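If you want the building blocks of each chain, they are given just below.
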Amino acid sequence: MKKIEAIIRAERFEEVKEALKRLGYPGMTKTIVEGHGKQKGLKQQFRGTTFEVEFTPKVKLEIVVLDGDVSRTVDAITRSARTGEVGDGKIFVLPVENAVRVRTGEDGENAI
Amino acid sequence: MDFRSKVTKVVLRVGLTLGLVCLLWLAWMATSGVAMAADPTGLGGTADAAIDYVWILVCAFLVMFMQPGFAMVGAGFTRAKNAGNFMTKNLMDFVIGSLVFFLIGYAIMMGGDWHGLWGTEGWFMLGDYYDVDAYLNMFWMLVFCATAATIVAGAVAERLKFRAYLIYSVVVSAIIYPIYGHWVWGGGWLSSLPFGLGAVDFAGSGVVHAVGGLVGLAGAIVLGPRFGRYDRNGKPQAIPGHSITLATLGVFILWFGWFGFNPGSTCNAHHLRISVIAVNTNLAAAAGGLMALLIAYWKTKKWDIGMLINGILAGLVAVTAPCAWIEGWAAIVIGLIGGMLMYASVKFLEAKGVDDPVGAVSVHGACGLWGLLSVGFFADGTYGNYSIEAPYVAGLFYGGGGEQLLAQFISVVVVAAWAFGMGYLTFKLMDMAFGIRVSPEEELQGLDILEHGTPAYPDFLTMPK
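Protein sequence lines correspond, in order, to chains X and L. Position one of the first sequence corresponds to residue 201 (the numbering used here), numbered consecutively onward. Position one of the second sequence corresponds to residue 594 (the numbering used here), numbered consecutively onward.
Calculated from the structure, these hints are not laboratory results. Check the hints yourself; a few may be wrong.
Claimed, not checked - Distance condition first, Cα-Cα at most 20 Å in a straight line; then the derived SDA-like pairs of lysine to any residue: (1) L/K894 / X/Q244; (2) L/K892 / L/G821; (3) L/K895 / X/K202; (4) L/K895 / X/Q245; (5) X/K260 / X/D307; (6) L/K828 / X/F251; (7) L/K892 / X/F246; (8) X/K240 / L/K940; (9) X/K202 / X/F251; (10) X/K230 / X/S280; (11) X/K240 / X/F255; (12) L/K895 / X/T250; (13) X/K243 / L/K940; (14) X/K217 / X/K230; (15) L/K945 / L/P1048.
Note that the structure is predicted; figures quoted are calculated from it, not measured.
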């Protein structure tokens, strides 16, 4: 089992969701987060004067999949989230030790 | 005990003693009978008078409703962590203004005249002043007084101690507004200058807006800029307000309230000139907003909503003095120049290191002075001094020569010196006595929790920034 954490542009979320739907996925958690990568934030303006937004709003997706599904899930997210501009985000893949379905108490791969 | 707490204690004691003496005097006066000249019953109520009373009162209620307009613009343009503090201050300047202006402000402003300087009678609205006419006039002047006081709140937002706000509200309501108001509206020396019809100010570009804006400038200078307003290299950084939506609601409320502020200033429902005044008010607001938006787009390539809001207010402030004496085209020109002036003033103050969080100094100060001056250029000789009969007010472009312009110019210099000077003195003395700026920790955490005990939005996560 692996957990895929994808930090993507909020405005690409619908595209990514559709791509994942076509592929099929066990479940997903979405969080609105703030952060920055190498590009170090944005400039915005208020009453004629600019200010730095160091942490820009992003969407974080968390999906736990079987080992065999990792590469196509990551591919689908990469392709659908990409605009080619700075700020497209990052995907992290982490090992998962165990999973438990709360309703039944099943664990391991059966739980996802 | 250190010097500051000693001073505070003495000030408190003197204040309490004065308050007690005033109350005793009030009780004595109240039991000494009503003078016969007054008409507290309203026996002189003709149909004509009734129409005027309703007109003036409804307009006064509209002006009172500008208070939430100011509250929403100011809160929207500042951060969520200080919204409760801003609301408390906006409520309290109306609370204090209502009491202080009734008790002493009106007497200083409109109670007779002593050598053109100030009034000397009508304290507590007793005796001859317990009268339907006097009460009507007092109420009209009061809602304007509270407007002047509340303008300051924006310029000193997010860092002024609450008690300093309470004290300056008293000083504005009892001294700064009534005295300049007396000079222009109460038969004082500016109104009797031997040029043109003397200094005139139809609905208060000077008496209300320039006074509020320039006291605000003094406050902003004494306080210094908020943390984060300038970066390490001294480069200005905007601090975005927490709700453009509230600010927009506020500007619409103010625009609406201004239809009481300006047309109501005829103080006479029988002057059909009120239609011209309403149209002029509206035109200047539109022109000011458009101009500010276009300049912002030209400079930044963004349709800047904050500048649009300030531009609308700039147009309204500028047309407040001339609105009864000009044609529609002139209202547009005055509004356009107001929008430009506001933008330039915002940039100028920012470059000079003066932090005015909502643009109150640029909107009310700069455009208030421009409004006063504009009468001297554009007054077209079709309306008199709150009268449909001659002499009419005529400016440079309408055969009035430079006389009216000169009177207006003198008034501009006087109000700038008076309001800024008195404002600076008030804030500086308070700063020496107890320090008017909140502690750095409190400023960073927000004034809501430490000054008032509760955040404005307890169910939301509002991150201090």
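(request) Against the structure, test the hints numbered earlier, and report the numbers of the ones violated in rising order. (result) Hint check: 2, 3, 5, 8, 9 and 15 fail, others pass.
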